[in-house]
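With the sequences and hints as input, model every part of the structure.
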Amino acid sequence: MSADGGNLTAPLAALLELTHRCPLQCPYCSNPIELERAKGELSTSEWMRVLDEAAELGILQVHFSGGEPAVRRDLPDLVAHARSAGLYSNLITSGVTLDRARIAKLAEAGLDHVQLSIQDVDHQTAAYIANYPGVQGKKLAFARMVREAGLPLTINAVINRHNIARVERMIDVAVSLDAGRVEVAHAQYYGWAIRNRAALMPTLEQVHEATRHVEAARERLRGQIVIDYVLPDYYARQPKACMGGWGRQFLNITPSGEVLPCHAAQTIPGLVFESVRHKPLSEIWAASEAFARFRGTDWLPELCRTCDQREVDWGGCRCQALAVVGDAAATDPACALSPKHDVLRALADAASSEPPPDFVYRRMAPHDSKTALAPTTS
Amino acid sequence: MTSPQLSSETCPGLAPGVRLTFDKARDRWVVLAPERVLVPDETALEILQRCNGTTQLDAIVDELANAYSADRSEIEHDVRDLLASLIEKRIVTA
Chain B
1 MSADGGNLTA
11 PLAALLELTH
21 RCPLQCPYCS
31 NPIELERAKG
41 ELSTSEWMRV
51 LDEAAELGIL
61 QVHFSGGEPA
71 VRRDLPDLVA
81 HARSAGLYSN
91 LITSGVTLDR
101 ARIAKLAEAG
111 LDHVQLSIQD
121 VDHQTAAYIA
131 NYPGVQGKKL
141 AFARMVREAG
151 LPLTINAVIN
161 RHNIARVERM
171 IDVAVSLDAG
181 RVEVAHAQYY
191 GWAIRNRAAL
201 MPTLEQVHEA
211 TRHVEAARER
221 LRGQIVIDYV
231 LPDYYARQPK
241 ACMGGWGRQF
251 LNITPSGEVL
261 PCHAAQTIPG
271 LVFESVRHKP
281 LSEIWAASEA
291 FARFRGTDWL
301 PELCRTCDQR
311 EVDWGGCRCQ
321 ALAVVGDAAA
331 TDPACALSPK
341 HDVLRALADA
351 ASSEPPPDFV
361 YRRMAPHDSK
371 TALAPTTS
Chain U
1 MTSPQLSSET
11 CPGLAPGVRL
21 TFDKARDRWV
31 VLAPERVLVP
41 DETALEILQR
51 CNGTTQLDAI
61 VDELANAYSA
71 DRSEIEHDVR
81 DLLASLIEKR
91 IVTA
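Chains as they are written, first to last, in the numbering used here: chain B, 1 to 378; chain U, 1 to 94.
Keep in mind the hints are simulated off the structure, nothing from the lab. Hints are supplied without guarantee of correctness; some may be wrong.
[Said to hold, decoys possible] Label-pair restraints from in silico Cβ distances: (1) B:ASP308 x U:HIS77: 32 to 38 Å; (2) U:ARG28 x B:ALA216: 46 to 52 Å; (3) U:SER7 x B:ARG222: 18 to 24 Å; (4) B:PRO301 x U:GLN49: 43 to 49 Å; (5) U:ARG80 x B:THR9: 34 to 40 Å; (6) U:SER8 x B:VAL230: 35 to 41 Å; (7) B:SER353 x U:LEU6: 48 to 54 Å; (8) U:ASP27 x B:THR44: 29 to 35 Å; (9) U:ARG80 x B:GLU289: 50 to 56 Å; (10) U:GLU42 x B:ALA286: 30 to 36 Å; (11) U:SER7 x B:ASP99: 39 to 45 Å; (12) U:SER7 x B:SER176: 26 to 32 Å; (13) B:ASP228 x U:ARG28: 23 to 29 Å.
Don't be surprised by glycine CBs; every beta carbon is placed ideally from N, CA and C.
Here it is in structure tokens:
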């Protein structure tokens, strides 16, 4: 039995960003800086059509995400529709908006799994990171209700300099909440996180320490909980196979229906994305220019094209190459062979050696002031 | 913590959040689990299809030994090995 590594032509999973609305304001949010507004969101029937098209295309798993997907009142209907289409559904949630009755409704609708984010085990720091007083207490209560409803639970903890000292306790909280799985994921520096890089970046020493705790916990908790650990690129020597390779296994749909190869792809200039409002998903997957641009190995820079890891990491992350090297088609600077590898490391060292600046919290931009203040002509 | 020895009477089942399903687009069986898609080989599939939470480990081994006209102790060894590894990964519960 092996993880899937074959030559697939159809995507395995889709991340469905039902909305960008969210009660939390975490400064490492994976959503773009330009958040989409509620009025542009796909309707219930549009999402249902997308779910049918996804199943038809060969997608096996859908992740209902956001923003906070539960702010959409039609979430149970979408979960039920996914189930009837044969899709495995996962809810990625902040947990602060769902009560017992709505959790029961989601379970009845056939939800397969819940992934709950936590910001910290320390209540005060958690509230600071999410900019939401009392957030941790709400999340703990939510996690218990999820398990009481019989739903399997994953706890996801995004690691940064404010909570990294408590990695071990975050794993223990996941165990005490009867989660089957915990993701200990160092922040990925795109979108909001890159804006907050200095406020989030831990030191190399802190990362080593956290890694030791994770490894010890894996030994200690073998058979009790699955621990997935996502290493920080800025201190890595090998790039990640971002999205399992661009346009290979995964697609992302924004609240308004744009189909992206990864959630940060809109940061890359010159890529044109297509919408499920105008074209079937299968056509977008197969023929969209944005998916074709970095798919496979033909586009790879010289350094990667001759590398024996080219079909392991697929050149790494395009958005990181753009953000750090200034060229989305360059080798991911996380690779030790990249001529810009030292730049990435220097950025991390510089960011983490100073006291952390204040967060720039994730918020919708205010409405255009000119429009708002324009005098009425009537 | 090491996995305890499985009793012969235990009835293995798929863990919560895990589904064994036929993937029509790729014409193969798959195990769907949180953030994971696993492709079982032929032996693993035969075993997983019997992990229904009601069939005892002993009976699973008997069935497979009969179906393949194979040595029972060898089959039992394979089944226990696979189940132990899948229990650790929380794909199967016992």
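Problem - Earlier hints that do not hold, by number - result: The structure conflicts with hint 2 only, although it agrees with all the remaining ones.
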